[in-house]
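Novice: Fit chains B and C to the known structure of chain A by using the hints.
Next come the chains, spelled out residue by residue.
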Amino acid sequence: MNILVCIKQVADMESRFVVPPGGSWFEETDLAFRINEYDEYAIEAAVQVKEKLGDAASLTVLSLGPQRSSEALKKALAMGADQAIHLLDPQGPQKDSLQVARAIHSAVKDKGFELIFTGMQSQDRGSAQVGILLAELLGIDSVSTLVEFSFEGGKIQGERELEGGIRAQVTLATPALVTCQLGLNQPRYPTLPNIMKAKKKPMETLEVSGTGEAVLGVKEIGAPPKRGAAELIEGDLSAQVAQVVAILKDNKLIG
Amino acid sequence: MLENTREIYWNIPASSVPLMYLMAALGTGVMLWGFARRLKVYKQGRSLARLNGLGRRLFLGLSEALFQGKVGREKGIGALHNFFFWGFLVLFIGTTLIFIQTDILEPLAGITFLKGDFYKTFSLAMDLGGLVALIMMAGMFTRRYLLRPKGLLPETGDGWMYLNLFTILLTGFLLEGLRMAVTEVGLNEALAIYSPVGLIFARWFALLDEGTIRSLHLGLWWFHLVLVTAFLAMIPFTRLKHLFLTPINYLFFDDHPKGHLVTLDLEDESAESFGLGKPSDLTWKDIFDTDACTSCKRCQDRCPAYNTDKPLSPMKLIQDMGKVCFEMKDGSLSEAVGKEAIWACTTCRACMETCPADIEHVPKIIGMRRNLALMEGEFPGDEVAKAMDSFEVNYNPLGSAPAARADWAEGLPLVPIEEADYLYFVGCYASFDARNQKVAKAFVKLAHTAGVKLAILGKGERCCGEPARKMGNEYLYQTLAGENIESLQKVQKVVTTCPHCFQTLNRDYRDLGFTGEVIHYTALAEQWWKDFRFKLDRSPGKVTYHDSCYLGRYNGLYGEPRGLLEATGRDLSEMTASGPESFCCGAGGGRILAEENLGTRISVQRAQMAQKTGAEVVVSSCPFCLTMMEDAVKGLDGGQEMVAMDLLELLAQGLPESNLKES
Amino acid sequence: MKALLIGEVVQGKLAASFAELLGFAETMGAETVGLMLGDSSDRPAFGGKLYVGQGPEYAPKAHKAAALAVIEQEQPDLVVLMHSAYGWDLAPRLALAQEAAQISEVVGYDAGLYQLGCCNGKLQRKVTPKPGLVVVTIQAGAFAAATAAGSPQEESIAITTGEGPQLTGYQPKPAQGVDLSKAEKIVSGGRGIGKPENLQLIRDLADALGAQVGASRPVVDSGWIEAAHQVGSTGATVTPKLYMACGISGAVQHLAGMKKSEMIIAVNKDKEAPIGEVAQYIVVADLLEFVPALTAALKG
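Top to bottom, those sequences are chains A, B and C.
All residue numbers for the first sequence refer to the numbering used here, where the first residue is 1409 and numbers rise by one.
All residue numbers for the second sequence refer to the numbering used here, where the first residue is 25 and numbers rise by one.
All residue numbers for the third sequence refer to the numbering used here, where the first residue is 55 and numbers rise by one.
So here's chain A without its partners, still in its complex pose:
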């Protein structure tokens, strides 16, 4: 069985983001990058399926992004993927979800993937679109935001995490795509032999194509309002309490 896991390399969220004047995305200089956290769960889930199926399965990891994304692919290979596809796109971080989904679709549509994993969303953009869009483009079934996953005889059993922690149990059959929520599993730490083996695993770099036109125009990007150095609330106790109550009310944190 051909398994695919789609991952994204994102800036570490601890980073101090700097947007150049008039820019539509932040500068990457000095930033640390990592695998999108949600995608780590996707990789782990995919590797677990592959391990269960043994030689009958082949796991491909794919990422769309600039050169640096190959580091994320290497880590996924070290975690247990068999081969990698890098859709090289220096402008990747600024592409619309739909463009990304289209590009992945044109790269994988003829490869016969029966089971596809993606993260529920990316940490940087948080759109939660690419996975579902890819499934729709491929014309296969998909479910989102799984916190439980099992695969047995072509059938997927899963649990979707809903607001407030309730879980909806779902079943679907392959070919299918699932998007993975945090906590789905315990992503493994790659062992040294696997890190070494990963260096020799095939990584195919493809120019990105078939993205189509952008659907969103970015007019501005910058720090959200109200964030900054803490405002001091001083004075006598009752004034302080009144001020905090007002803040809570203004922010709809109390009724």
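Derived by calculation from the structure, the hints in this document are not laboratory data.
Honestly, I wouldn't trust all of these hints.
[Claimed, not checked] Taking lysine-lysine and the DSS-like style, the derived pairs with C-alpha atoms no more than 25 Å apart in a straight line are:
| # | chain 1 | residue 1 | chain 2 | residue 2 |
| --- | --- | --- | --- | --- |
| 1 | A | Lys1660 | A | Lys1627 |
| 2 | B | Lys410 | C | Lys249 |
| 3 | A | Lys1657 | C | Lys236 |
[To be verified] Just the calculated beta-carbon pair ranges, DEER-fashion:
| # | chain 1 | residue 1 | chain 2 | residue 2 | range |
| --- | --- | --- | --- | --- | --- |
| 4 | A | Thr1613 | B | Lys363 | 36 to 42 Å |
| 5 | C | Ser235 | A | Ser1646 | 47 to 53 Å |
| 6 | C | Ala282 | A | Gln1475 | 41 to 47 Å |
| 7 | B | Ser563 | C | Ser235 | 44 to 50 Å |
| 8 | A | Pro1498 | C | Asp93 | 45 to 51 Å |
Built from N, CA and C at the ideal position, the CB exists for glycine as well.
Specialist: Relative to chain A, chains B and C alone:
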């Protein structure tokens, strides 16, 4: 005038002498057979060169064996053991002299030397040696069986050993007494007084008739002989094996600087496994160590993990490793030892510094961690795995943005690297942790006052890799180290405020080709002080100093920080566990990354020790120690109010303002 | 401008967030049409037309088909869903089928620009969609719930079930003590509380706010509260709407676990405490006085 000597085989039929040697040979044979079997176990291990510079090894090893320096350091038992050993040694030398005269010199050359004044000395020495050995043995017996110190474990044959040794010594005196009753009492009283203990028995036996004495003597002689044979035979099978193994282990000491860990060749394609997973991963020396343990429990008494109810005793760990090796199968070391024990170690080195048998505990623990981390991707908890991820992505364990690494230094008087006297390697905690940033700032202030120009690597600095390495992640360590060494290429002199960075750059990086000079601030600032490069306003106050393991036990920097403390005018009140006996804060060995979920908190125990001195400030010179002490002093119930500070903060506080303006 | 608002039904109940969809429509000045799919007798309070499809609460294919039919019928300019498990599952399917622009996680709208959170709220993007139908998912709490009242004109539509992923049941939230990582409000106590008894002050304030109780590492280490309450790099990483840090100076490990909270209010005697780097407000006060006073004010 009677000659001052004795007949060696008095009352022993000549025909018995060969039989005696046959029995001695039998005992020795069993002993050799026993050791040969152990040798097979040691040989499972991989090769390791531990005989280079043999002359130095022999000299140091022999000195240690004869003078018993390490054994003697422990109060009570140290003296008991040493005097027993020396008493026993006298008896051994005496017996050897008899052998030399009777079986070599006299039959071959007709030379006898056990006579005259030498014999008198010999006789007195033998008597006193035996007496001292007996008394010391009584002391050791009392300790083991009556006082029963906490944690002291029995070994196979302990009881038999005591009985055997006691009976040998006693029958020795009885034999002497019986002989003297016939040959010296009333005949050569002037000589008899040189065997004072024997004489007591002799006067008593003299009441018997000679025939009875002679038959008693012969019977007892045989009994004595059987006991000695049994003694020889039981050596390899009881704790007596340490008679050989401990001194031999003194020869095999690690001649690397303290704290050296083997730098793994991670690119080695032939390596099937990394770290210590099974006996065949160990070196012969590791296995020999497990056999050299005498269960003296000194390591356990000092182990911060053991003392806070964690499932680690360095002694038990070594012995459990030994058990797997002696099964002669490739069993799992980490299963035998227990993973919780492996992860509980703070690498404080108290065990290794105190071990009278020169056993190397810490490298074995790190070795087993390497196996878990590199081969299984296992760590003591999710928080540690997360920190590993942060090391990889952010180059620090805190997950802070690497671009913000030098934010603390904004506006401070630092210079470009080319102009600097020293490159200050800041380390992660001083770079990112608000509390420790104050220490880094204090250091820059002090250096500036002293007229010393500092530079930092800034965003280019990465974690030195120490916590990752100590947690077994050699791959991550080497990656970080390689990148730092690259950045430090043109740097001649490095100063650190963190003892862990200091140890790592100064020792660990050497294997990776780093050649720059590295110094810890305590040593450097003390030099500045001695060179009158800064002045201090003296302030009163009672403080205590907590020795960082990596500064003290690893690097011997005990006097420097204390000298500086004195310079601030503070009154230093030492904890009982200070200097080489310092008790870890709990954060070493990568434990700074981990939750302390088992037992009680090491840091709190340490803070309580500090509180007992009545100090207002517990001073340390390590960011990990400061972090732990900061947390721990808040949790103290009652007693003296105490705060935690780094020595640098006291120094910076004491800098007169005028001092600053001048510079 | 017409907006199709798609509500969500979970365990037979229409989610209250429908009012936020209405609030968003109000912001946009759009007339509203509603759609809810699933077996529920709940009806939102608004005056427009409401399409109701009885059937399973989650059935991606069927819901997509039903929604597309309504879109076909109504020709809206906007399709609006919550940015929720339901919304992010259905919205992309509709957007793709309609070749529409989708805008996710909208936190505001002003002068033709949609405001989107980005990088955990560290940045905000302002975007314009291409012309035509726009599918929007809105961030919970970003738009005030509409006060609109009334009863909708109901129209039943058919849901064709049977194909695709199936919902087989629900599982209650697994019980494992507290799970701070999903809490909406957290009141945390740090060393500043001084002694374990004072933790009750924190608990009382949390009760008054409907919040969970968090704690910093020293408090947990001292055994004053179970480890599940620990916030920080070694405890839970939390992203609530409100985080009140009482007597927490802000060790870096703690900050790492909570700085992504939307609103951080610190209560601390020291106005220089590092918690100020991430907090919007620092109440400079003794928490032992301030916290009970605030609790009283909230209850009163």
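Novice: Could you run down the list of hints and mark each one as holding or not?
Specialist: Evaluation of the provided hints:
1. Restraint check: the Cα-Cα separation between lysine 1660(A) and lysine 1627(A) comes to about 28 Å, which exceeds 25 Å; the hinted pair is violated.
2. For the suggested pair lysine 410(B) and lysine 249(C), the alpha carbons sit about 31 Å apart, so the restraint of at most 25 Å is broken.
3. About 22 Å separates the Cα atoms of lysine 1657(A) and lysine 236(C), which keeps this hinted pair within 25 Å; it holds.
4. A C-beta distance of roughly 41 Å is found between threonine 1613(A) and lysine 363(B), which places it inside the suggested range of 36 to 42 Å.
5. Here the CB-CB span from serine 235(C) to serine 1646(A) is close to 35 Å, at odds with the stated 47 to 53 Å.
6. At about 42 Å, the CB distance of alanine 282(C) to glutamine 1475(A) agrees with the hint of 41 to 47 Å.
7. Hint check: serine 563(B) to serine 235(C), Cβ distance near 47 Å, so the stated range 44 to 50 Å holds.
8. For proline 1498(A) and aspartate 93(C), the hinted distance range of 45 to 51 Å is satisfied, since their beta carbons lie about 50 Å from each other.
In summary, the numbered hints that this structure violates are 1, 2 and 5.
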